[in-house]
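Peer 1: Below, each chain spelled out in residue letters.
Protein chains: 2
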Amino acid sequence: MHISEIETPAVVVDLDVMERNLCRLADYTRRHNLRLRPHTKTHKIPALAERQLELGAAGLTVAKVGEAEVMLKARPPGILVEYPVIGREKIERLAEVARHTRVTVAVDSVEAAEALSAAGTEFGILAEVDVGAARVGVQPGAPLRDLLRRITRLPNLYFEGLSFFQGHILSAQADGVLALERLSVLIEQILADIKQEGLQAQVVSGGNTPTAFLSHQIRGLNEIRSGTYIFNDRNTVFSGGCAWEDCAASLLVTVVSRAVNGQVIIDGGSKAFSSDAYWGPGGGFGHLLEAPQAVFRKMNEEHGFVDIRETGRSFPVGARLRVIPNHICPAVNLHDRVYTVRQDQVEQVWEVAARGKLQ
Amino acid sequence: MHISEIETPAVVVDLDVMERNLCRLADYTRRHNLRLRPHTKTHKIPALAERQLELGAAGLTVAKVGEAEVMLKARPPGILVEYPVIGREKIERLAEVARHTRVTVAVDSVEAAEALSAAGTEFGILAEVDVGAARVGVQPGAPLRDLLRRITRLPNLYFEGLSFFQGHILSAQADGVLALERLSVLIEQILADIKQEGLQAQVVSGGNTPTAFLSHQIRGLNEIRSGTYIFNDRNTVFSGGCAWEDCAASLLVTVVSRAVNGQVIIDGGSKAFSSDAYWGPGGGFGHLLEAPQAVFRKMNEEHGFVDIRETGRSFPVGARLRVIPNHICPAVNLHDRVYTVRQDQVEQVWEVAARGKLQ
Chain A
-16 MHISEIETPA VVVDLDVMER NLCRLADYTR RHNLRLRPHT KTHKIPALAE
34 RQLELGAAGL TVAKVGEAEV MLKARPPGIL VEYPVIGREK IERLAEVARH
84 TRVTVAVDSV EAAEALSAAG TEFGILAEVD VGAARVGVQP GAPLRDLLRR
134 ITRLPNLYFE GLSFFQGHIL SAQADGVLAL ERLSVLIEQI LADIKQEGLQ
184 AQVVSGGNTP TAFLSHQIRG LNEIRSGTYI FNDRNTVFSG GCAWEDCAAS
234 LLVTVVSRAV NGQVIIDGGS KAFSSDAYWG PGGGFGHLLE APQAVFRKMN
284 EEHGFVDIRE TGRSFPVGAR LRVIPNHICP AVNLHDRVYT VRQDQVEQVW
334 EVAARGKLQ
Chain B
-16 MHISEIETPA VVVDLDVMER NLCRLADYTR RHNLRLRPHT KTHKIPALAE
34 RQLELGAAGL TVAKVGEAEV MLKARPPGIL VEYPVIGREK IERLAEVARH
84 TRVTVAVDSV EAAEALSAAG TEFGILAEVD VGAARVGVQP GAPLRDLLRR
134 ITRLPNLYFE GLSFFQGHIL SAQADGVLAL ERLSVLIEQI LADIKQEGLQ
184 AQVVSGGNTP TAFLSHQIRG LNEIRSGTYI FNDRNTVFSG GCAWEDCAAS
234 LLVTVVSRAV NGQVIIDGGS KAFSSDAYWG PGGGFGHLLE APQAVFRKMN
284 EEHGFVDIRE TGRSFPVGAR LRVIPNHICP AVNLHDRVYT VRQDQVEQVW
334 EVAARGKLQ
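Line by line, the protein sequences are chains A and B. For the first sequence, the numbering used here begins at -16 and goes up steadily by one. For the second sequence, the numbering used here begins at -16 and goes up steadily by one.
It should be emphasised that the hints constitute simulated quantities derived from the structure, not laboratory data. These numbers were taken from a predicted model, which means no experiment stands behind them. Watch out, some of these pointers could steer you wrong.
No copy labels: a pair is met if it fits in one copy or bridges any two.
[As the list claims (entries may be wrong)] Pairs of lysine to any residue residues, derived as SDA-like cross-links and limited to a Cα-Cα distance of at most 20 Å, are as follows:
| # | residue 1 | residue 2 |
| --- | --- | --- |
| 1 | Lys281 | Val160 |
| 2 | Lys178 | Leu137 |
| 3 | Lys281 | Gly266 |
| 4 | Lys281 | Trp262 |
| 5 | Lys281 | Ala260 |
| 6 | Lys281 | Gly115 |
| 7 | Lys281 | His151 |
| 8 | Lys281 | Ala117 |
| 9 | Lys56 | Leu36 |
| 10 | Lys56 | Glu228 |
| 11 | Lys281 | Asn205 |
| 12 | Lys281 | Gly150 |
| 13 | Lys56 | Val80 |
| 14 | Lys281 | Arg303 |
| 15 | Lys281 | Thr135 |
Only chain A is shown next, with the shape it has when bound in the complex (with noise of 0.2 Å):
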């Protein structure tokens, strides 16, 4: 099947420079002693999930306990759910996940560690803590050392150590630097803390994709569970943690409308993209790459609003354009199904199996 066959609108993967991009973080990661635990939020897809297992990651991350029943079938070592998991009937769910491999839930409340002890079932624990997000997590001092003390004491949690989201720092350049320097400095605060309370954190993990190759310099750290990076996004090019040529997902859209003056309409608005923002100057919904000048202004659902004034160039109706997401998380979470390809040949079609597993 030929590229130009795909129905538009449509997720396309580039599977050279996706298979790039894990071998890179896989080749970091092992270069520095990190554990890699992966997001599997990103691509939602369990024959990805095995590669990743395969270059080396320790185990797999999802944020939704239905994710992780999906990804049992890419046979992970252990999973990690890194999301308060609150509820009888998802806390019986992945009591069923945890008859088929090791599970591990990140908890910030002594609720939420209770119902899991009470399962019967043996979890793996991690605190979590925030480290700035604002999230989730307890403050460091004494509101993380009161909920050592109290889930440690409960049957049947396994502590393993820490857990933590450095969303909040979105820059690899100087800046990101800097706040990576006192996320350091707050970690090992953290550590005492632990120590504290005659505790060991086997794990500390973090994540986030913008600042994963600048992990070795966060003191403590020894897991990321970064997810992005398998396809990489528009705000990923603009955080500084890659360029252009990494980003392995885009939009193949077609052009609809010329009917506006300066202006062309793409098949594909809020119900293909998201509505996610762009973090840096100018807003915006995405990056055309045949027209970079073109400026992706506005979207309604089934709507894509391009500015193609400062491109130089006309677009016919029927034209077929690729568009990288601010976010490819959310975006691939609204299709059914994934393209993968070599130069102009479809390769496979993947069913986004964890799409949707909101429960």
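For chain A, the structure is supplied; the task is to place chain B on it using the hints.
Peer 2: Chain B only, in chain A's frame:
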């Protein structure tokens, strides 16, 4: 099944409110002698399309061929594809749909019309005209007359009239009324253009939920394609198009963390709500029914960040909340199923059959 047994995050539809919304617009359009061809993009569920037809809808509207294929299940007397259908495979699939029901397509280019004509199947045609949204649609005047001249010569196409999208008019308040008056003047000009070509527009079709109940003030309009009115959402309330008690669909979510002071994290983010923006001041991503003072200020993929400082309340981990999203259409599109309730009892679980039908 009790509502408390639904695993979160989930879309929950209050059947009584939905039925009231359906009847209200059906009554309005009947009273004002307007055809209603509801856009099914909002619910994507054939059973709901059937109910719209039972209440008098003249047909159904879709954006994509894949949605038309699914909506055949509702046995509509006709389907309007309010979107340029570009690409050989799509037109072949649409010709197959046309074997089962009358298919009308809105076109804004000769290329689109020629490709439809060449398929050898009879299609109804609406000429799409831009009335200010600057999305699709030719400009009134010479460009419209040129399009009409060229498409009405093509075999297999039956000219039915005009369509437009007044999506730039987002208010049912005084400024919206003024904008509708300007729109009326424009439509009168457009109808004169059509007359000048010796043509008759049987159908003059407009789309918009915020101003749906002001449609009778648009002179020349005889059909509306509202979609969102079945469920309504936070933006419809902001626009003045409905009240909170008219919001039939909400997202049921669970508090999964309250580790950060003054904040709770709910288990729905951009993969459950979409990251579509709020039109009103203050931004945010939804309205919490149980805590209207809460500010749903930020989302990651699976995390909703809710500032609860103004609520004067606390919410334990495990608390369940209902949230009216900014935009219900892309939210429904993220879910495989929708739960319908009456009071606290779940009545049905509907598959969102046209979810993800992007092609």
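Peer 1: For the identical chains here, do Lys281 and His151 meet the 20 Å Cα criterion within one copy, between copies, both, or neither?
Peer 2: Between. Shortest inter-copy distance 13 Å satisfies the 20 Å Cα cut-off; intra-copy 26 Å does not.
Peer 1: Quick one: Lys281 to Ala117, C-alpha cut-off 20 Å, is that within a copy, between copies, both, or neither?
Peer 2: Answer is between: at 11 Å across copies they meet the 20 Å cutoff, but 30 Å inside does not.
Peer 1: What label fits Lys56 with Glu228 when the C-alpha limit is 20 Å: within, between, both, or neither?
Peer 2: neither (31 Å within a copy, 44 Å between copies)
Peer 1: For Lys281 vs Ala260, is the C-alpha pair at or below 20 Å within one copy, between two copies, both, or neither?
Peer 2: both (11 Å within a copy, 12 Å between copies)
Peer 1: Between copies, within a copy, both or neither: which fits Lys281 and Val160 at Cα up to 20 Å?
Peer 2: This pair counts as neither: shortest intra-copy Cα distance 33 Å, inter-copy 25 Å.
Peer 1: Taking 20 Å as the upper bound on the Cα-Cα distance, should Lys281 and Arg303 be classified as within, between, both, or neither?
Peer 2: Answer is within: at 19 Å inside a copy they meet the 20 Å cutoff, but 34 Å across does not.
Peer 1: Classify it for me, Lys281 with Asn205: is the Cα-Cα distance of at most 20 Å met within a copy, between copies, both or neither?
Peer 2: neither (41 Å within a copy, 29 Å between copies)
Peer 1: Using 20 Å as the alpha-carbon threshold, which applies to Lys281 and Gly150: within, between, both, or neither?
Peer 2: Between copies, since 13 Å is at most 20 Å while 26 Å is not.
Peer 1: From the Cα coordinates, with 20 Å as the cut-off, is the pair Lys281 and Thr135 best called within, between, both, or neither?
Peer 2: Answer is neither: 50 Å inside a copy and 32 Å across each miss the 20 Å cutoff.
Peer 1: Have a look at Lys281 and Gly115 and pick one of within, between, both or neither, based on CA distance no larger than 20 Å.
Peer 2: Close across copies (15 Å), not inside one copy (31 Å); limit 20 Å.
Peer 1: Should Lys56 paired with Val80 be assigned to within, between, both, or neither, using CA atoms and 20 Å as the limit?
Peer 2: within (11 Å within a copy, 37 Å between copies)
Peer 1: Up to 20 Å between alpha-carbons, please classify Lys281 paired with Trp262: within, between, both or neither.
Peer 2: Both: 15 Å inside a copy, 14 Å across copies.
Consistency note: the structure conflicts with the earlier hints numbered 1, 10, 11 and 15.
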